[in-house]
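Heads up: the sequence lines are chains A and B, in that order.
For the first sequence, my numbering gives the first residue as 1, with consecutive numbering after it.
For the second sequence, my numbering gives the first residue as 1, with consecutive numbering after it.
Note that these hints are calculated values from the structure, not bench results.
Here the structure is a predicted model, which means the values were calculated and not measured.
Among the hints, erroneous ones may be present.
Unchecked claim - Below, computed lysine to any residue pairings styled on SDA-like, alpha-carbon distance capped at 20 Å: (1) Lys-278/B - Cys-155/A; (2) Lys-46/A - Phe-123/B; (3) Lys-278/B - Pro-157/A; (4) Lys-126/A - Ile-147/A; (5) Lys-246/A - Ile-255/B; (6) Lys-179/A - Glu-26/A; (7) Lys-166/A - Asn-275/B; (8) Lys-213/B - Arg-318/B; (9) Lys-192/A - Ala-274/B; (10) Lys-95/A - Ile-255/B; (11) Lys-250/B - Ile-4/A; (12) Lys-246/A - Ser-256/B; (13) Lys-248/B - Leu-343/B; (14) Lys-95/A - Ser-202/B; (15) Lys-130/A - Cys-155/A; (16) Lys-95/A - Leu-7/A; (17) Lys-250/B - Glu-245/A; (18) Lys-131/B - Ile-156/A; (19) Lys-126/A - Lys-207/A; (20) Lys-192/A - Lys-278/B; (21) Lys-95/A - Tyr-189/A; (22) Lys-131/B - Ala-161/A; (23) Lys-95/A - Tyr-272/B; (24) Lys-46/A - His-48/B; (25) Lys-95/A - Gly-259/B; (26) Lys-246/A - Thr-257/B; (27) Lys-126/A - Asn-107/A; (28) Lys-132/B - Ile-156/A; (29) Lys-278/B - Ile-164/A; (30) Lys-166/A - Asn-276/B; (31) Lys-131/B - Ser-163/A; (32) Lys-46/A - Glu-201/A; (33) Lys-248/B - Ala-350/B; (34) Lys-246/A - Asp-252/B.
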Amino acid sequence: MNEIELLYGHGDHKEIPISEAPLNLENTSEIIIEDAQILYVLYEMKMSVAESIIPPSLHPSIPALFSLTFIQGKTTLMGAFTLAYTGIACRTGIKPRHLIMKAFCDNPQASSILQQRYGFSIFQAKVSCKETYDQVHGKIEENNVVIADISIGNCIPLVGAGSIIKYSPALNACLINDKPTLVQFEANYDFKSVIRGEPAEKIFNSKSLGHEGITTAYPVAGSHASVDLHLMPARFQVDLEKPAEKGGAQRIDR
Amino acid sequence: MKFGLFYELSTPRPFSTENQRMVIENAIEQTVLADKLGFSSVWCVEHHFLEEYSHSSCPDMFLTAVARETKDIRVCFGIGTCVPAMHSPIRWAEKAAYLDMLSNGRVEFGTGRSSTWNELGGFNANVDDTKKSWDEYCRVIPKMWTEERFAYEGNYFSMPERCILPKPVQDPHPPMWVAVTAPGTELDAADRGMGALILSISDVERNIPRIKKYREHIKTCEPVGSFINDQVAIANWMYCHEDVEFAKQKGDELISTFGYMAGQTVEVSEAYPANNYKALGLLGSLRQDPNAPGDKKAAPASGLCFGDPAALIDTIARWEAAGADQMVFMVQAREHLPQEAVLESMRMFAKEVMPHFNQKEPSVVKNG
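Chain A with its partners taken away, still in its complex shape:
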C-alpha cells in the first residue's frame, strides 16, 4: 500500500493576520469574570474554503464549521467589555479548536489584556450582546457600519448535566520570540444557565468578519450561557510554520 495520505489545511500561513502586540506570558494570574454572558453561534461552511484558509499546521474539522462568539463582562477589573470573534473549526492532534479569523472589542483596556495574554488581534468596534424576552442579539459595528447583527430565537433551556456548552478553544496567531505562533485562549467556564436557540441573521458581512467564504447558509445551532468565566494563563502553543504531524499543540514553557 502507498504511504498514508493525511488531512491538512492547505492555507498559506502568511495570509493569517498576526497580532504584533508583544505577548506577556509572565502574567499567570487568573482573571475571574462573574456573570459573563456568552452568545455562540455555529454554522457549517464549505470544506474547500476551510481547507484553503487553515494552514498545514492544523487539521480541518469534518464537516467544516465556523463560529461567531460574543463574550460580555459587565463588572470586571478591565471595566465592562464585549468581545466578539469569528473562528474556523480545526484541530491539532485530535483536539478540536477554532482558528480565529477576526476579533472585535469595545474596551481598549480589555483588548490590551486579551492581546497580551492570548495573542488576540483585536479591532476596536461597538460590540453588544443583549438578551430580550425571547431572543439574544449580538451586534458588531465597525467604523459606523454594522457588519454583524445576529440573534438566536425559539430558545429552549438546557438542564442538568446537559447545561454546558463545549466551546472549542480559540487559537490566535501572534509572535513568540518573533516566531509566528498560534496561542490558545485558556478559559474555564462555571455554567449558571444555558439556552439553545436557532440562529438568525439580519446582517452578516462575511468579508468584514474575516473571510468572504464564511456564510450563514447552514446554521447548526446557537446558544447563550451565563457563566463565571475564569481566564487562565495561556498553556498551549502551535508552531504556525510546522506541518501538523511534526508540530501540533505543545505546552508553553515559562
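Fit chain B to the given chain A structure using the hints.
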C-alpha cells in the same frame, strides 16, 4: 467468555477504489478465518460521512457477504441507527430478518442513535428526538418479527396493518442489543432486557460498576422483545504477538491511528447542545489534550488486549471476573497493520488464548 470481531471499516486516503475494496476484502478474509478459528461473532457498525474513520454505511451488506462466506460465526449489527431520518423501523426489521434467512439464523441486532453531528446533521435528523425514537424502534421491531401482521401508531413512526416479511429464522427472533458509550446507557439496555455492547474502551475497573448495575437492573426488566438478552459484550482492541513489547508498540500505533481518525469528526455535543447528548460519545472521549515531548505519557487503559498470549489471558480473565460475557475485538485501524500480521495475531490468539476460556452459550431467558 466468547470472542468476536468488531468492524468500523476505516479506510486510508485517498478513497480510491483500490483502497476501499482492500479494506472490505481484508475484513471479509479475517472473518472467514475467525469462523474457522472458533470466534463466535462479527459485529459491524453503521456510520455515515465519517471520512477515514468508518466507511461502513451499509452494515447489512457487509454482514450478508460475511454470512455467505462463513458457517457458524454470528453476524451482528453493531449497530443499526434508530433515527427516522436515516431508517424506517420496517426496513430494519426486514433487513435483519432477511439476513437471518441468508445466514440461517445467525443474526444479532444492535441498536443505537448516533453521536456525531456529521451523521445527524447530514441527514437533517431531529437531534432532540433520537433517544425517544430509539426507544420506540426497540419496541416495535421485535413485534414486526413475531406478529403475523403488524399495525402501529406512535410518536415517531406509524403504519397501517401489514405483514412484514420475511420473518426471521430464529425463534422467536434475533437477540437485541444496545450500543453503550455514555454512562447510564447500560441501564437503558438492562431495563429493556437488551444486551449491552459497551463501546467505551477503557479500564476494566471503570466498567465493573457499570456491569454490576446492568446485572441488577436486568433482573427487573420489562423486555422489549420476546426474551431477555442478558449479555455484556466489551468492544476492545487486540493484537497478539509473542514479543510483548512489539505487541504493545503495535497497539499504541493502532490506538493513535484510531484517535487521529476519531478526531476528524464533530460530536453532537460539540455542535448542537442538547439535553439528550450530555456526555461525549466514543469518539469525543478519545480526545485528550496533547502533551509536550517531555511530559510523562499517560498510562494506557488497563483492559486493552495488546501483548503475548499470557498477558492477554490475564487481561481477559479480569474482564471475565468483571462480568463480561463477550470480548469483541478491533484488530485493525485504517490498514495500519499488514493483513498477514492481523491474521497471524488471530491464529495465535485462537490457539493459545481462547482455550483458556469456557465459551459458554449466551444467557437467554424466554418470556412466560
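Structure-based check of each hint:
This hinted pair checks out: Lys-278/B and Cys-155/A have alpha carbons roughly 18 Å apart, not beyond 20 Å. Proximity of Lys-46/A to Phe-123/B is assessed by CA-CA distance (about 17 Å); at most 20 Å being required, the pair is judged to hold. With a C-alpha separation of about 14 Å, the suggested pairing of Lys-278/B with Pro-157/A holds against the 20 Å cut-off. Restraint check for Lys-126/A and Ile-147/A: satisfied, since their Cα atoms lie roughly 10 Å apart, inside the 20 Å limit.
As the CA atoms of Lys-246/A and Ile-255/B are separated by approximately 18 Å, the hinted pair is consistent with the 20 Å bound. For the suggested pair Lys-179/A and Glu-26/A, the alpha carbons sit about 18 Å apart, so the restraint of at most 20 Å is met. For the suggested pair Lys-166/A and Asn-275/B, the alpha carbons sit about 13 Å apart, so the restraint of at most 20 Å is met. A hinted pair counts as satisfied when its Cα atoms are at most 20 Å apart, and Lys-213/B with Arg-318/B qualifies at roughly 18 Å.
Pair hint Lys-192/A plus Ala-274/B holds up; C-alpha atoms about 16 Å apart against a cutoff of 20 Å. Distance check on the hinted pair: Lys-95/A and Ile-255/B sit about 15 Å apart at the alpha-carbon level, within 20 Å; holds. Of the supplied pair hints, the one linking Lys-250/B and Ile-4/A holds, its CA atoms being roughly 16 Å apart against a limit of 20 Å. Pair hint Lys-246/A plus Ser-256/B holds up; C-alpha atoms about 15 Å apart against a cutoff of 20 Å.
This hinted pair checks out: Lys-248/B and Leu-343/B have alpha carbons roughly 17 Å apart, not beyond 20 Å. Straight-line distance between C-alpha atoms of Lys-95/A and Ser-202/B comes to about 19 Å, which keeps the hinted pair within the 20 Å bound. Distance hint between Lys-130/A and Cys-155/A is fulfilled; the C-alpha atoms sit about 14 Å from each other, no more than 20 Å. Between the alpha carbons of Lys-95/A and Leu-7/A the distance comes to roughly 14 Å, so the proposed pair stays at or under 20 Å and holds.
For a cut-off of 20 Å, the pair hint linking Lys-250/B to Glu-245/A stands: about 19 Å separates their Cα positions. Between Lys-131/B and Ile-156/A, the direct Cα distance comes to roughly 18 Å. Compliance with the 20 Å bound is thereby established for this hinted pair. Taking the CA atoms of Lys-126/A and Lys-207/A, the gap is near 18 Å; set against the 20 Å cutoff, the hint holds. Between Lys-192/A and Lys-278/B the CA atoms are separated by roughly 16 Å; this keeps the pair inside 20 Å, and the hint holds.
Taking the CA atoms of Lys-95/A and Tyr-189/A, the gap is about 18 Å. The hint holds against a cut of 20 Å. For the hint pairing Lys-131/B with Ala-161/A, the CA-to-CA distance comes to about 16 Å; that is within 20 Å, so the pair holds. With a C-alpha separation of about 18 Å, the suggested pairing of Lys-95/A with Tyr-272/B holds against the 20 Å cut-off. Simply put, Lys-46/A and His-48/B have alpha-carbon atoms about 18 Å apart, close enough for the 20 Å limit, and the pair holds.
The straight-line distance between the Cα atoms of Lys-95/A and Gly-259/B is roughly 10 Å, inside the 20 Å bound, and the hint therefore holds. This hinted pair checks out: Lys-246/A and Thr-257/B have alpha carbons roughly 15 Å apart, not beyond 20 Å. Distance hint between Lys-126/A and Asn-107/A is fulfilled; the C-alpha atoms sit about 9 Å from each other, no more than 20 Å. This hinted pair checks out: Lys-132/B and Ile-156/A have alpha carbons roughly 18 Å apart, not beyond 20 Å.
With a C-alpha separation of about 8 Å, the suggested pair Lys-278/B and Ile-164/A falls inside the 20 Å cut-off, and the hint holds. Pair hint Lys-166/A plus Asn-276/B holds up; C-alpha atoms about 15 Å apart against a cutoff of 20 Å. This hinted pair checks out: Lys-131/B and Ser-163/A have alpha carbons roughly 18 Å apart, not beyond 20 Å. For the hint pairing Lys-46/A with Glu-201/A, the CA-to-CA distance comes to about 19 Å; that is within 20 Å, so the pair holds.
The hinted pair formed by Lys-248/B and Ala-350/B meets the criterion: a straight-line CA distance of about 19 Å does not exceed 20 Å. With a C-alpha separation of about 18 Å, the suggested pair Lys-246/A and Asp-252/B falls inside the 20 Å cut-off, and the hint holds.
Checked against the numbered hints above, the structure violates none of them.
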